[in-house]
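Trainee: Sequence:
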Amino acid sequence: MGWPRSCSLNGDICAIRELREPVTGADSTQLGLAPRITGGRAWAGARVLVIEDEVDIREFVREALEQEGCEVRTATNGVEALQCLRESAPNLILLDMQMPVMDGWAFARAYCQSPPPHAPIVVITADYRAPTSATEIDAAGFLPKPFGLAELLAVVDYCLGGGHQG
Numbered sequence: 694m695g696w697p698r699s700c701s702l703n704g705d706i707c708a709i710r711e712l713r714e715p716v717t718g719a720d721s722t723q724l725g726l727a728p729r730i731t732g733g734r735a736w737a738g739a740r741v742l743v744i745e746d747e748v749d750i751r752e753f754v755r756e757a758l759e760q761e762g763c764e765v766r767t768a769t770n771g772v773e774a775l776q777c778l779r780e781s782a783p784n785l786i787l788l789d790m791q792m793p794v795m796d797g798w799a800f801a802r803a804y805c806q807s808p809p810p811h812a813p814i815v816v817i818t819a820d821y822r823a824p825t826s827a828t829e830i831d832a833a834g835f836l837p838k839p840f841g842l843a844e845l846l847a848v849v850d851y852c853l854g855g856g857h858q859g
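Its first residue numbered 694, the sequence shown is counted upward by one per residue in the working numbering.
The hints are simulated quantities; they were obtained by calculation from the structure and are not laboratory data.
Keep in mind that a hint or two might mislead.
Unchecked claim - Just the calculated beta-carbon pair ranges, DEER-fashion:
(1) Lys838 <-> Glu759: 18 to 24 Å
(2) Gly762 <-> Val794: 26 to 32 Å
(3) Gln776 <-> Gly854: 25 to 31 Å
(4) Trp798 <-> Pro839: 18 to 24 Å
(5) Ala843 <-> Glu764: 19 to 25 Å
(6) Ala803 <-> Gly762: 26 to 32 Å
(7) Glu756 <-> Gly854: 17 to 23 Å
(8) Thr825 <-> Ala803: 17 to 23 Å
(9) Arg734 <-> Ala799: 29 to 35 Å
What you are looking at is a predicted structure, and each value in this text was computed from that prediction instead of being measured.
We put the CB at the ideal spot given by N, CA and C, even for glycine.
Build the full structure now, drawing on both the sequences and the hints.
Mentor: And the structure:
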């Protein structure tokens, strides 16, 4: 199965809107991360780049996706993320829009101007304009903060499990 390799959506936006388990801290018990057997998902082994300046959210996402069998790299801003891209190409990018140094919009512009292939981008933001932000950068979807484990896994499954045809 091939991974999505395009910044283009053809108008298809994945929206995860239900807020169930808010991120409250970096402790996996508080975050609802129970030990489980991994490898059952079609996207186990995928490379995911998480670009998020809030440490609790970044670590929650990293731990959750690693438990699902993903290889996760993290960056706290767009400049760090561009460096990560020089080292390895991800299958999916989870991108906060409001960060210091280089924000999500600047990162997305730089990334989409780089040579292909391009991984789908999912916008993660507390901004109520998340759908607009996702559309502006031609993202595969958005995940409004706060979000829980179920919402995170649903959007990753959509993008890497075959729902998104980028």
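Trainee: If a hint holds in the structure, say so; if it does not, say that too.
Mentor: Against the structure, the hints:
Checked against the given bound of 18 to 24 Å, the beta carbons of Lys838 and Glu759, roughly 20 Å apart, stay inside it. Under the hint 26 to 32 Å, the C-beta atoms of Gly762 and Val794, about 31 Å apart, fit the expected range. Distance hint for Gln776 and Gly854: a CB-CB separation of about 28 Å, consistent with the stated range 25 to 31 Å. Judged by the Cβ atoms, the range 18 to 24 Å given for Trp798 and Pro839 holds: they are separated by roughly 22 Å.
Take Ala843 and Glu764: their Cβ atoms lie about 22 Å apart, and the range 19 to 25 Å holds. One distance hint, 26 to 32 Å for the beta-carbon pair Ala803 and Gly762, holds here, with the actual separation near 29 Å. Restraint check, Glu756 to Gly854: a C-beta distance of roughly 20 Å satisfies the suggested window 17 to 23 Å. Taken as a hint, the range 17 to 23 Å holds for the pair Thr825 and Ala803, whose Cβ atoms sit roughly 20 Å apart.
Checked against the hint of 29 to 35 Å, the C-beta distance between Arg734 and Ala799 comes to roughly 32 Å, which is consistent with it.
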